[in-house]
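Trainee: So the chains spell out like this:
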Amino acid sequence: MATMNVNPTRMELTNLKRKLATARRGHKLLKDKRDELMRRFLELVRENKALRREVEQALSQANNHMAIARSVIQKEILDVALMLPKQELQLEVGTQNVMSVQIPVFNTRLKTNDENDIYSYGYAFTSSDLDDAVRALSDVFSQMLRLAEVEKSCQLMAAEIEKTRRRVNALEYVMIPQYQETIRYITMKLDENERSTTTRLMKVKDMMLAQAHNYDL
Amino acid sequence: MGDKDSVLGFAALGIETFSVDEPGQAAERLRKMASSDYAIIYITEALAAEISEEIAKYTDRVTPAIILIPGIVGNTGAGMANVKKTVEKAVGSDIIN
Chain U
1 MATMNVNPTR MELTNLKRKL ATARRGHKLL KDKRDELMRR FLELVRENKA
51 LRREVEQALS QANNHMAIAR SVIQKEILDV ALMLPKQELQ LEVGTQNVMS
101 VQIPVFNTRL KTNDENDIYS YGYAFTSSDL DDAVRALSDV FSQMLRLAEV
151 EKSCQLMAAE IEKTRRRVNA LEYVMIPQYQ ETIRYITMKL DENERSTTTR
201 LMKVKDMMLA QAHNYDL
Chain W
1001 MGDKDSVLGF AALGIETFSV DEPGQAAERL RKMASSDYAI IYITEALAAE
1051 ISEEIAKYTD RVTPAIILIP GIVGNTGAGM ANVKKTVEKA VGSDIIN
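Chains as they are written, first to last, in the working numbering: chain U, 1 to 217; chain W, 1001 to 1097.
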């Protein structure tokens, strides 16, 4: 691991030690964040998969009803029947903060209070297959909303997890070893300086003694 | 959003529907919807496959949530594949089945 390009001074050493402590703390926090995010993500994604399976199945059933309806009812009549919806759906979007990830929360409000009030047509010209299709769609819709919420949350959390994991790895495998290595380098350099100072002093002392007492060295 | 036959039934539920057939038109429509106040956009898998780059742009935004649903032509499995991709992105490999 490469050391950083710094002057081997005491000040640098103190700075680096402080940085290392911060990096370690950050690493620990990010790691905790990653683990917690992962736990929540796995829960959510399981729900996502189950929901999606249900929704897809229900929708294909609804589509089957619709296909039959279309083949039985004339196209114009069908268009007219569904042209003016009785219901109006209002969607409120809130956000929830999960481990610093903003995930959406959807709330729906229907125009009329009766949620069964979905048939926008008289029953005279349409077949019951259309009723079935509309009924089926209406039944699955609350699940579809939940699916939208969960799936979007999963996507957002996946992005955040990826980002967090990169940061954790960068700290763990690049920043922290680099700091450690540099600290070691500076410590050794300083120690070496100290030793050389000591030997020099000893040498000077010897020389001064020799001069004072006229020793022969 | 999707081909006319797929979206028809949803109109009864009070959802705004857009029937689109051409990919170019669909991308344009999606852009317009995303910049206005739509929070959830359900789009048929068949149509989504044609404009996947356009959809990918909105993955990292909180709204709109673009959700793939099977259209009248049947389930292509694209929706599930997307979930799988999300897991792979987060975990590294798909560990849930």
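Among the clues, some could well be false.
To give an idea of the chain U side of the interface with chain W (calculated C-beta under 7 Å), a few residues [claimed, not checked]:
| hint | residue |
| --- | --- |
| 1 | 64 |
| 2 | 66 |
| 3 | 137 |
| 4 | 161 |
| 5 | 184 |
| 6 | 185 |
Treat the hints as calculated values from the structure; they're not laboratory data. Just so it is clear, CB atoms sit at the ideal spot from N, CA and C, and this is done for glycine as well.
Trainee: Now tell me if each hint is right for this structure.
Mentor: Hints and how they fare:
| no. | hint | verdict |
| --- | --- | --- |
| 1 | 64 | 9 Å, violated |
| 2 | 66 | 5 Å, holds |
| 3 | 137 | 5 Å, holds |
| 4 | 161 | 4 Å, holds |
| 5 | 184 | 33 Å, violated |
| 6 | 185 | 35 Å, violated |
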